[in-house]
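Colleague: 439 is the number that my numbering gives to position 439 of the sequence shown; each next residue is one higher, with no gaps.
Worth flagging that the hints you see were computed from the coordinates, not collected in a lab.
It is possible that some hints are incorrect.
[Claimed, not checked] Simulated restraints on C-beta separations:
(1) Phe230 x Ile412: 22 to 30 Å
(2) Pro278 x Asn587: 47 to 55 Å
(3) Trp17 x Ser276: 52 to 60 Å
(4) Phe430 x Lys279: 24 to 32 Å
(5) Leu246 x Ser79: 44 to 52 Å
(6) Ser101 x Leu50: 24 to 32 Å
(7) Gln488 x Glu433: 50 to 58 Å
(8) Phe166 x Phe298: 49 to 57 Å
(9) Ile21 x Ser79: 56 to 64 Å
(10) Ser101 x Leu246: 55 to 63 Å
(11) Ser101 x Ser276: 21 to 29 Å
(12) Ala452 x Phe254: 36 to 44 Å
(13) Ser523 x His119: 52 to 60 Å
(14) Asp60 x Ile412: 26 to 34 Å
[What the hints assert, rightly or not] Below, a list of computed lysine-lysine pairs in the DSS-like style, where the Cα atoms sit at most 25 Å apart:
(15) Lys23 x Lys167
(16) Lys102 x Lys279
(17) Lys445 x Lys556
(18) Lys446 x Lys279
(19) Lys167 x Lys10
(20) Lys445 x Lys268
(21) Lys102 x Lys446
(22) Lys566 x Lys167
(23) Lys268 x Lys279
(24) Lys556 x Lys566
(25) Lys102 x Lys445
(26) Lys566 x Lys23
(27) Lys279 x Lys445
(28) Lys268 x Lys446
(29) Lys10 x Lys23
(30) Lys446 x Lys556
No experiment lies behind these values; they were computed from the predicted model shown.
Glycine residues also receive a C-beta, built at the ideal position from the N, C-alpha and C atoms.
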Amino acid sequence: MTPTRKPPFKQSLQQLWQHNIDKFRHQLAYQEALPQLTILGLISGILAALVIVLFRYAIDWPLSKLLPGDSENFEALASHWRLILPLAGALAIGILLNGVSKAHRAISVSHVLDRLHNHQGQLPMGNILVQFFGGALCLITGQSVGREGPAVHLGAGAASQLGQYFKLPNNSLRTLAGCGVAAAIAASFNTPMAGVIFAMEVVLMEYTIAGFIPVILASVSGAAISQMVFGQDSLLAGANIQMNSLWEIPYMAFAGLVIAACAAIYIKLQYYFQHSGPKSIMARLVAAGAVTGIVALFVPQVMGLGYDTVSLAMQGKIGLNLLMIIIASKLFVTTFSLGMGMPGGLIGPSLFIGACIGGVISVIGSTLAPEYAASSGFYVALGMAAMMGAILNAPLAALMTIIELTYNPNIIFPSMLVIVVSCFATRQFFGCEGIFQMQLQAAGKKTSSGPAQQILSRVGVRSVMNTAFASCATSISHSAAVHLLLNQPLWIIVEGNNRYLLRAADLAQHLSLLDAEENFEESELIQLDDIPARRLSLAYVQDRANLFEALQTLSKGNFEALCVTKLAQPSTDAPVLGIITAETISNYYRI
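Assemble the whole structure, with the sequences as input and the hints as a guide.
Modeller: Set out below in structure tokens:
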């Protein structure tokens, strides 16, 4: 007898890796997979932060060569370059987007929300690449957009791609995407806590322990990597931020109403431009580049991120008339550019516009009541927080952002007041729920998840599938049937022209009736199609799916049970891992 050969060492390692990764995937299918999600949160946070660092270098290095002084000094460009640069950039972006399919043109935060709510957190690589190169071209050529929206997409995309590469269960991809978002915000703003709140409040739209801990760890890792590369400087750190008197409270409430009106204009203008103009993406982008360039001839502050302008506004070095011109110009150019399809972000411009509005409010306040008015930096910071909160419909994320940007606890109480007033007025007085919700509604996409979807999306099918099953043909002998029931299966998959599920108890009951018959011959074949029993129609679902996907599969074809398989496109030839019935899902949701 020839002895069995041992597999090579490399093959043994591959088998060990496959065994461990399968075990890890199975553990992730459970809702309580906190240790596994924490490990993934750290890895995805590091990966997302590295992508953001690369993205920022792809922008800052060309701008450091192009602009005199620093990478935001578009104001120093000659007037003809302020016209040519945005127009040339729009042409380049148009060529890029014309070369990809329409499905890959969806980018930024609204795309991330759509993929989370409607596609189980699976973000395609094609859209990520378009966002990286399109977003970089936008910012290098001075388009009036921000880098934080692209950063959110890139961070979520990097984390999602990690999960898809290792074929992790879909219920874990949502958390991974949240981890990537938190790390991206932390790496972009150097605001780790704001990254966590933004991920939970805007993206995941839920607060759970199993979600919080991995997201926090991802945000910390993102901030740490960003600080190692770019330093610990914050945009508003060291600014003079102090409320002088409680008599300012009514004025701050009035400021919140003004900012709410501006936020509503921002949201509605972008909605209008999104649904107007030419159909051709090239024509739309060229129009956006031309408008940016023409306005920049007279108001160069509209170009780029504009954080240098924010710094001047904090110091009170911009006059009232110029501030109002900048606000009107930035509102129009940014909403027009984004509405036309520029692959940039809207968070940065919202902070910029809010800062300028705060500067205007400060100048007016100091003129009306110089003995009570706070510093310009105080109202600039309030304007940034209120504008971001009102546009995004994310008051807590806006509050945490301004706290971490200023490193000043004096801003907490007044920021809470102004943010609440602006968010409330934007929704109740102007009927604007938030710009991301508006974008999704305009595209006909679902904007939120109900409680059932949230609960079922957190759990993978592998965690609830029943593995006590057996398979047999529609015709089976008495002895084979007895042998089949020896392992005490709960279900029997009957293979035939129409595959269906049969309770093992029904077969056992039929065998007992046959045994009681005097004229029964054991040689006779039992026709399972004919025995009295309830038969459940079967469909197939991949083992990476979550319970919500399983429920959708059942509902689409009015099926009663699912076979869980490993194949991406399950078929009758796929080996079955387990069984899930509609009753199983219903019972889980009720619990």
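Colleague: Each of the hints needs a verdict: does it hold here or not?
Modeller: Comparing the hints with the structure gives:
1. Phe230 x Ile412: 22 to 30 Å: This hint holds: roughly 26 Å between Cβ atoms.
2. Pro278 x Asn587: 47 to 55 Å: holds (54 Å)
3. Trp17 x Ser276: 52 to 60 Å: holds (54 Å)
4. Phe430 x Lys279: 24 to 32 Å: holds (29 Å)
5. Leu246 x Ser79: 44 to 52 Å: Taking Cβ atoms as reference, Leu246 and Ser79 lie about 47 Å apart, which means the hint holds.
6. Ser101 x Leu50: 24 to 32 Å: holds (28 Å)
7. Gln488 x Glu433: 50 to 58 Å: holds (54 Å)
8. Phe166 x Phe298: 49 to 57 Å: Given range 49 to 57 Å: holds, Cβ gap about 53 Å.
9. Ile21 x Ser79: 56 to 64 Å: The hinted range 56 to 64 Å holds for Ile21 and Ser79, with Cβ atoms some 59 Å apart.
10. Ser101 x Leu246: 55 to 63 Å: holds (58 Å)
11. Ser101 x Ser276: 21 to 29 Å: holds (24 Å)
12. Ala452 x Phe254: 36 to 44 Å: holds (43 Å)
13. Ser523 x His119: 52 to 60 Å: holds (54 Å)
14. Asp60 x Ile412: 26 to 34 Å: holds (32 Å)
15. Lys23 x Lys167: holds (12 Å)
16. Lys102 x Lys279: holds (12 Å)
17. Lys445 x Lys556: With a Cα-Cα distance of about 19 Å, the restraint between Lys445 and Lys556 holds, given a limit of 25 Å.
18. Lys446 x Lys279: holds (24 Å)
19. Lys167 x Lys10: Distance ~22 Å between Lys167 and Lys10 Cα, so the pair holds.
20. Lys445 x Lys268: Judged against 25 Å, a Cα distance of about 18 Å means the pair holds.
21. Lys102 x Lys446: At roughly 19 Å apart (the allowed maximum being 25 Å), Lys446 and Lys102 satisfy the hint.
22. Lys566 x Lys167: Holds, at roughly 10 Å.
23. Lys268 x Lys279: holds (20 Å)
24. Lys556 x Lys566: holds (21 Å)
25. Lys102 x Lys445: Holds. Lys102 to Lys445 sits at ~16 Å (cutoff 25 Å).
26. Lys566 x Lys23: holds (14 Å)
27. Lys279 x Lys445: Holds - the C-alpha atoms of Lys445 and Lys279 are around 20 Å apart, at most 25 Å.
28. Lys268 x Lys446: holds (19 Å)
29. Lys10 x Lys23: Holds, at roughly 20 Å.
30. Lys446 x Lys556: Within the cut-off at roughly 18 Å; holds.
When the structure is compared with the earlier hints, no violation turns up for any of them.
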